[in-house]
Amino acid sequence: MENVTSRAKRREFDIMKLLMADYEVALCDEDRRSELYVRFEGPKETPYEGGTWKVHVELPEDYPYKSPSIGFVNRMYHPNVDETTGTVCLDVINQLWSPMFNLINIFEVFLPQLLTYPNPSDPMNADAAALHTRDPHTYNARVRPW
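In this text, residue positions in the sequence shown follow UniProt numbering: the first is 1, and each later residue adds one.
Bear in mind the hints are in silico, worked out from the structure with no lab data behind them. Any given hint could be a false lead.
[Unchecked claim] In silico DSSO-like pairs for lysine-lysine, Cα to Cα no more than 30 Å straight-line:
#, residue 1, residue 2
1, K17, K44
2, K54, K17
3, K17, K66
4, K54, K66
5, K44, K54
6, K54, K9
7, K9, K66
Please build the complete structure, drawing on both the sequences and the hints.
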């Protein structure tokens, strides 16, 4: 029982840290606190600067020992984001996750790095990956309206 309690406290603590860092957070279910939406702004000095996205976060029962599920709700044109579902392909979330990481890491480090340094060699959006590699200027212009 204590393990479940400590995981619940960690979940609460991580959500509180997001709120304290001035992120807009909307809980989908006040009682469970396992599904939320976070407002995310595009990183400065990238083609995503000035854009705002709603990110869906689902915390599994075993969080923080198991990684959260992260997806963009509004459209994102990026080699490592599925254009239809918004699913994010990011090794540090999908394969290299550690309980040492938290939600702040996702929104202040992992997602900004992904948008700053796309990985076209491991695409979820092959069109975006090809355009990013072939013609970065056109890629940047296509990203801006999103």
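For the pair supplied as a hint, K17 and K44, confirm whether the alpha-carbon distance does not exceed 30 Å.
-> holds (22 Å)
Take a quick look at whether K54 and K66 sit within 30 Å of each other, Cα to Cα.
-> Holds, at about 22 Å.
Below or equal to 30 Å on CA atoms is what counts here, so check K54 against K9.
-> holds (25 Å)
Satisfaction of hint between K66 and K17, Cα-Cα up to 30 Å | holds (19 Å)
Mind checking the alpha carbons of K54 and K17 for me, to see if they're no more than 30 Å apart?
-> holds (18 Å)
Given hint K66 paired with K9 - CA-CA distance at most 30 Å = Holds. K9 to K66 sits at ~15 Å (cutoff 30 Å).
K44 and K54: Cα distance at most 30 Å?
-> holds (17 Å)
Every hint, counting from the list given before, is met by this structure.
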